[in-house]
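Protein chains: 2
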Amino acid sequence: MPHWTALVEEKRQRQLNSIPQEWLVTPPPDSILDVTDFPETTGLLNAEEIEITNTSVDVLLEKLASAEWTAVDVTTAFSKRAIVAHQLVNCLTEIFVDSALARAAELDDHLKKTGKVVGPLHGLPISLKDQLCIKGLETTMGYVSWIGQYADKNAVLVDVLIECGAVPFVRTNIPQTLMFPETFNNVFGRTTNPYNRSLTSGGSSGGEGALVALRGSPLGVGSDIGGSVRIPAAFCGLYGLRPSYGRVPYCGARNSLEGQDSVLSVFGPMTNSISGVKIFMKATLLQFGRSGTKTSTISLDHGSGKDLCFAIMWDDGVVVPHPPIRRSLEITKAALQKAGHKVVDWKPIKHKLLGDATRDIWNAGSAEDYMITTSVTGEPIIATMELDDVDPAVASFRPQKAGITAYQLWQVQKLRQNVRKEYLDHWEATASETGTGRPVDAIICPAAPFAAPPHGKNRYANYTTVWNALDYPAAIFPVTTVDSILDGKEPRRGFYDDLDKHIHEMYDPEKFKNAPVCLQLVGRTLEEEAVIKMTEVVDAALAAAK
Amino acid sequence: MPHWTALVEEKRQRQLNSIPQEWLVTPPPDSILDVTDFPETTGLLNAEEIEITNTSVDVLLEKLASAEWTAVDVTTAFSKRAIVAHQLVNCLTEIFVDSALARAAELDDHLKKTGKVVGPLHGLPISLKDQLCIKGLETTMGYVSWIGQYADKNAVLVDVLIECGAVPFVRTNIPQTLMFPETFNNVFGRTTNPYNRSLTSGGSSGGEGALVALRGSPLGVGSDIGGSVRIPAAFCGLYGLRPSYGRVPYCGARNSLEGQDSVLSVFGPMTNSISGVKIFMKATLLQFGRSGTKTSTISLDHGSGKDLCFAIMWDDGVVVPHPPIRRSLEITKAALQKAGHKVVDWKPIKHKLLGDATRDIWNAGSAEDYMITTSVTGEPIIATMELDDVDPAVASFRPQKAGITAYQLWQVQKLRQNVRKEYLDHWEATASETGTGRPVDAIICPAAPFAAPPHGKNRYANYTTVWNALDYPAAIFPVTTVDSILDGKEPRRGFYDDLDKHIHEMYDPEKFKNAPVCLQLVGRTLEEEAVIKMTEVVDAALAAAK
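Protein sequence lines correspond, in order, to chains A and B.
Going left to right, the first sequence walks through residues -16 to 529 as this note's numbering numbers them.
Going left to right, the second sequence walks through residues -16 to 529 as this note's numbering numbers them.
Just so you know, the hints here were simulated from the structure itself, not pulled from any lab data.
Take the hints with a grain of salt, since some may be wrong.
[As the list claims (entries may be wrong)] Restricting the straight-line Cα-Cα distance to at most 30 angstroms, the calculated cross-link-like pairs of lysine-lysine (DSS-like) are:
#, chain 1, residue 1, chain 2, residue 2
1, B, K96, B, K118
2, A, K118, B, K333
3, A, K333, B, K118
4, A, K265, A, K118
5, A, K397, B, K136
6, A, K440, A, K289
7, B, K330, B, K404
8, B, K404, A, K265
9, B, K333, A, K136
10, A, K118, B, K484
11, A, K118, B, K325
12, A, K265, A, K289
13, B, K325, B, K529
14, A, K118, A, K(-6)
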């Protein structure tokens, strides 16, 4: 077997060959941090292509269904912009524009002949995280050891999307092992944040986050086991959803920690509007979409959608959020109150314990998983996402020790189940303070204690991970961007602990310049429909308050 | 701490004291095997009490709601008969008739005052497997080491049942560890089969099976991780249901292998009619009962309930069923064809692999679980359910070795998930042979390769366990009883393997005399409503064909 670096070189050359050469551009120098304007200035996209790529999913689908825009036109536009985006922030893995355009031509043909769309996503280009197998393509998931492993069939979700009329056209970058909230691997390298390339795009669906933020894709599919949809959505200024276990099909996708049956990874959408989130879920979920009955209003359990009671979690009792996050919570609180909703404070319980238990569950066998997977080629296991070498013991999400026994694992899983029940009781008990007769309708909280941090510095993912541990659905929505005037450094007197202090000290408005600030709306298990509807409510309140 | 035997002696004395002494009877000698007629001949129950206890759940609820029978009358009747049953087959653990009668009086009072029932189970006595904690009572689960552990709150399901108006009145016997398909433990001893006391009542919900068969309870709640509702239901001639994961609340119950998050135990009903199964599920499940819409017909995916296509699995490719089981399948096939339904053969795939993987998952940490639990008092770990000492290596369901690592567990869990997908595809592929345009609507198969076998001989539970591994809901329904003329020994030429041969040689119609013969109807994940409805269809077809 060749040295692993030779395998990488060969794969990268093939990736380069998969790009239409006339779409190569001269990217700005690395010193240009904000590259969000660049795709529209290269001259590669014509005016209509710029218009298409700046259009939200709902309008795209209308124009595709009415044949105002053809699927080939739309796929071409997003493909071009995706290729430009890739040259700016290194967000793609597999690129298959040719087969996407062939598929788009078939869809156009079908619409012309029958007058009917193939399905609810007719002609919509969709980008996919590099786990979602497509027949005939490699799924390396950033592992050198998986180069050359070609899928013999599509993942189930890919089949569902194709059946709905979608056009998969690129796959997107992830961290090695998937178990990092940033995006870097030995095969494809690092994805950066288009709003400020010195910052991470988040992870593990960081390629999706960067691509969709640059409007190189109208809608991407990420996966989320501890925040992997929500962190990159939040760091890149997008809308995203982490659904409950079992609602979006996972079968046939590649994954890390396979066979881990406790805190599960789920697929969810990342896009530029809440309507895009809703359209994806309606199209892919039997219960949600096909009857339509659940989509018209917030479910009975949340009243009519008026006079909701939101609970804001200002911090999780472990790490206090940076000033921009605090400000975004204040903006949201004021907007909701102005719209006539009630807002109370959320009292978090056992968030540290939930996070620790979740990591213990993953790390029960993760070191063996990574070691066995990488040993095929001898590629290094990446221990930190830092730009420079640092002590992995302080900078790593990586388990430092061998696994535990199955019985020990069961004890942690039991602990987590017990805390789930405690949290349920805790939520139910809020009925006494909402004034609506119901418990709190949703929690609004940070997606992270910071906006997108510098590469290697995203060391606290518990603002998202706790909801995975509890299996609560959670949506991300944008609120503002870091503002050096409004978000100045604020001295603090006391700290929860060294981590809290460390993260406090990391803040500097200049360092986080231009970073988007998003928040998270959290509902209860299997309440995807209500979470989406309530995020629409919050989104509208924020727009009205502006 | 006293010696474990002293703890048992003290607990048994307390159990005896909890029985109203005027309800003690002189049971028939052990040589009388069939004791099903005994409860009506003791003179303890008057004519109305005999009528009450012979009434099915649906009619009981009607008469309770109309105040024709009071909850006190009904609870008294079943309590008496339960105590008689216990003296025949040793089926009870906790006995709390006094508090049940007090609760029944409250319900009568409520009905008298308001004219309204408390809920859909108003006044119905319900027996509970000895896992379902009730505030103030011990939940020993047959462990000496758990004697004296009093619950400080009800299990969630107990609260739901009480909210529905049910009257819990006794708890029922189980095997130590729950992980045996028979019923024997160091605290309460062995439960026997009322149709033939030389046979097992099955397990692990074997106390429920024996009690409900003797009509000492109109409806019992068992749990099922590998057949623990269905095996005793089948061995005792009852109806029972193993629901899919997550539909009936499990929280707050005690259990073995806690924290095992993969192949899960679920609670389900055991009763004397399919209507009893339906009433329990409607009352306890939000989705099922409260809208009512799903209960009126078989769901759209199964047509109108006419012209169904059933697939019969004659054997699982591992162990060939005994003649009475074969005959019951033939009876059912003929009845369904007569009723106008189509019947095809089911081709099982990978049943041995599924069973082995499931046991590997449970045994990943079970030896440690049992050892740590029993070590408190030093009670022996029960290695076999045989009456005489035999080599545990051949007679035991008990793991013989230490556990495995979490990573090794994940590999087995991954294997099981992959086979689930294969089985799904296999089922979907039957659409080409049903003639209905749908895949096979349900599988009908044995619940075990035999009717209730002699104590210690129930060594093959895979006819039920595979459906747990696949998370398919499955109902049990009675068909016939073992008949020495119709079910003669049949020579066989070839055998799958030694286990198949061993189980074949175990058969002798005299040994299985009077044993009920039941079958199993299997649906697809989360299709509880359709499984119940299709079992009604089969039940009606069997009745019509008689």
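Tested hints:
no.: 1; hint: B:K96 / B:K118; result: 28 angstroms, holds
no.: 2; hint: A:K118 / B:K333; result: 26 angstroms, holds
no.: 3; hint: A:K333 / B:K118; result: 26 angstroms, holds
no.: 4; hint: A:K265 / A:K118; result: 25 angstroms, holds
no.: 5; hint: A:K397 / B:K136; result: 18 angstroms, holds
no.: 6; hint: A:K440 / A:K289; result: 40 angstroms, violated
no.: 7; hint: B:K330 / B:K404; result: 16 angstroms, holds
no.: 8; hint: B:K404 / A:K265; result: 24 angstroms, holds
no.: 9; hint: B:K333 / A:K136; result: 22 angstroms, holds
no.: 10; hint: A:K118 / B:K484; result: 45 angstroms, violated
no.: 11; hint: A:K118 / B:K325; result: 37 angstroms, violated
no.: 12; hint: A:K265 / A:K289; result: 23 angstroms, holds
no.: 13; hint: B:K325 / B:K529; result: 19 angstroms, holds
no.: 14; hint: A:K118 / A:K(-6); result: 18 angstroms, holds
When held up to the earlier numbered hints, the structure conflicts with 6, 10 and 11 and fits the remainder.
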